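Protein chains in written order, with the working numbering: chain A, 621 to 857; chain B, 15 to 289.
Derived by calculation from the structure, the hints in this document are not laboratory data. Note that the structure is predicted; figures quoted are calculated from it, not measured. Beta carbons are placed, not taken as given, at the ideal position from N, Cα and C, and that holds for glycine. Honestly, I wouldn't trust all of these hints.
[As the list claims (entries may be wrong)] Far from chain A, some chain B residues (derived; all Cβ distances over 10 Å):
id : residue
1  : Asn72
2  : Ala85
3  : Ala106
4  : Ser144
5  : Leu154
6  : Ile162
7  : Phe176
8  : Ala179
9  : Ile182
10 : Met223
11 : Val232
12 : Thr275
[Stated by the list, open to error] Derived list of chain B stretches under chain A, where covered just means 3 residues or more per stretch with a C-beta under 8 Å from a C-beta of chain A:
id : segment
13 : 44 to 53
14 : 245 to 252
[Unchecked claim] The following label-pair restraints were derived from C-beta to C-beta distances:
id : chain 1 : residue 1 : chain 2 : residue 2 : range
15 : A       : Ile705    : B       : Thr275    : 23 to 29 Å
16 : B       : Phe88     : A       : Gly690    : 50 to 56 Å
17 : A       : Glu639    : B       : Ala271    : 35 to 41 Å
18 : B       : Ala288    : A       : Glu639    : 48 to 54 Å
19 : B       : Ser287    : A       : Gly788    : 28 to 34 Å
20 : A       : Lys741    : B       : Tyr164    : 22 to 28 Å
21 : B       : Thr110    : A       : Glu639    : 28 to 34 Å
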Amino acid sequence: MTQKDKKLLSCSGLTIGYENQTVLEDVSFDLMRGDYLCVVGENGAGKSTLIKCLAGLMKPMSGSITHANGLSRRDVGYLPQQTAIQRDFPASVREVVLSGCLNSGRLLPFYTHEDKARAAKYLEELGMTALADRSYRELSGGQQQRVLLARALCASRKLLILDEPVTGLDPLVTAEIYDIIKEINRRHHTAVIMVSHDVKTAVRSANRILHVKHTVQFCGSTADYLKSDVGRAFMGR
Amino acid sequence: MWEMFSYPFILRALVVGILVSLCSSLLGVNLVLKRYSMIGDGLSHVAFSAMAVATVMNWAPLWVAIPVVIAASFLLLRLSANSRVKGDSAIALVSTGALAIGVFIISMKSGINTDINNYMFGSVLAISSSDVVLSVVLSLAVLALYVIFYHKIFAVTFDEPFAKATGIWVEGYNMLIAVLTAVTIVLGMRMIGALLISSLIIFPAMSSMRVFKNFRSVVICAAVISAVCFFAGLLISYQYSAPTGASVVIIHLAVFAVFCTVDWVRAKVRKFSAG
């Protein structure tokens, strides 16, 4: 397979912002199948805004995002930050995971057998089968993230976009979630784009790093990042 | 007391009331979860104002109120999406503004106080036989649309960003909910009253969420509660010659208290058996 065949997504000259305020300028990078890209940078550097843009929640002010090799705009397994609404939402684990199957754009008013099988498969893979009929709001933070990961996988196995997946979790559970994400990435060759505050752990699992601060400071392999000035300065904090 | 069902106006009220109760309870679950509980209150004041104008001008009230309230619910959604006016204050602005306009217009013309009283507190007599057909058709349409789009409405309510990222037309479904809510409010407010109609949206959802923990059971239970409470409310209102709206809401209040107790007892039992 050539480099071109492996390319899933390519950003060129992205400028992102709200109304007339620019948050990020001139972001360009390619994402290959099986890549694990971690977006790092300080608070307010525009990491989450970039993620929103990649997930299709907002349009870039200029530049383009191109999907390649059979990846469509709907093929995005997105894990957004949790909202206050979800914390007391009465929904069973199964209902939440199944809602990931709605992205095929069809008009069917019910879920098909394939949808149910897909949901069951990812519930199993994330070790949540026993809790499938429990209420989402009664789960622990780590269990909730597993459910949302299963939902994201139902939506797409090609690309996961994760916005701070471990916020508010204790160190043990955090490590567990990172292991699960790494395992998904390894087993299914799912490309992962993740934003994280926790640079040290992120660097351990990712093979590529995108460091942003209003523009791209570094984009390349994790090994090169650790040797670079910007990487050493950021990791050395 | 069963002889009451030999009166055509009671039968009309029963049919329209049950259908409107079902619509409002289904939509209510989504509105309460989306923190839009008071949207019903806001829209009913707009409906009040529209009906006041219709009464003064001698137009058919439903035909005036439905488009006006649909427009208002779009406006509320837009205002809430705009970060400068937050959802709750947007609703308060629209609601009190509309009420003021309605009261002002009515005061221009004297001698229609009974109609106004009916709109504020509701009356079973308000449903004419020509209204029944329109009400039944519209509320069946609301129910059908809700059932057809049930899963997508769930996805949009639970997690808007995720739904949007997977290509669901989130704005479209929000608009759908707004339109369905507007229609339901207009159909229900003349019987239940502008001041009380929002309780049909809030109470069934709140009661049902006390006891049930997954979305489908919550929705089904809310619908059942709503239909039963309306029926009981209608019986009581006939028996004691009390306004229908108030009677229905009092039954809802009682059901809410019972469900809270069930939830409380269940939590105690669980705590006890856990040691």
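Quick rundown of the hints versus the structure:
No beta-carbon of chain A comes within 10 Å of the beta-carbon of Asn72/B; the shortest separation is about 42 Å. Look at Ala85/B: its CB is around 27 Å from the nearest CB on chain A, clear of 10 Å, so calling it non-interface holds up. For Ala106/B, the condition that its CB be more than 10 Å from all CB atoms of chain A holds, with the nearest at approximately 21 Å. Ser144/B, annotated as away from the interface, keeps every beta carbon of chain A farther than 10 Å; the closest lies near 32 Å.
Residue placement check: Leu154/B keeps its beta carbon more than 10 Å from all beta carbons of chain A (closest about 16 Å). Not every CB of chain A lies more than 10 Å from the CB of Ile162/B, the least distance being 5 Å, so the non-interface label is violated. Not every CB of chain A lies more than 10 Å from the CB of Phe176/B, the least distance being 5 Å, so the non-interface label is violated. Taking the minimum C-beta to C-beta distance to chain A, about 4 Å, the non-interface status of Ala179/B is violated against the 10 Å cut.
Not every CB of chain A lies more than 10 Å from the CB of Ile182/B, the least distance being 6 Å, so the non-interface label is violated. The Cβ of Met223/B sits about 5 Å from the closest Cβ of chain A, inside the 10 Å cut-off, so the non-interface label is violated. In this structure Val232/B is not separated from chain A by more than 10 Å, as the shortest Cβ-Cβ distance comes to only about 5 Å. With a closest Cβ-Cβ approach of about 19 Å to chain A, Thr275/B is found to remain outside the 10 Å limit, as its non-interface label requires.
For the segment 44 to 53 of chain B, the stated coverage by chain A holds: 3 residues have a C-beta nearer than 8 Å to a C-beta of that chain, and at least 3 were required. Coverage of the segment 245 to 252 of chain B by chain A is violated [criterion: at least 3 residues with CB-CB distance below 8 Å; count 0]. Roughly 26 Å separates the CB atoms of Ile705/A and Thr275/B, a value that falls within the hinted 23 to 29 Å. Separation of Phe88/B from Gly690/A is about 38 Å and departs from the stated range, judged on CB atoms against 50 to 56 Å.
Look at Glu639/A against Ala271/B: about 48 Å separates their beta carbons, and that is not inside 35 to 41 Å. At roughly 52 Å, the beta carbons of Ala288/B and Glu639/A sit within the given window of 48 to 54 Å. Between Ser287/B and Gly788/A the beta carbons are some 30 Å apart, a value that agrees with the proposed interval 28 to 34 Å. A hinted range of 22 to 28 Å for the beta carbons of Lys741/A and Tyr164/B is consistent with their spacing of about 23 Å.
The hinted window of 28 to 34 Å between Thr110/B and Glu639/A holds, with their beta carbons roughly 30 Å apart.
Hint compliance for this structure: hints 6, 7, 8, 9, 10, 11, 14, 16 and 17 are not met, and every other hint is.
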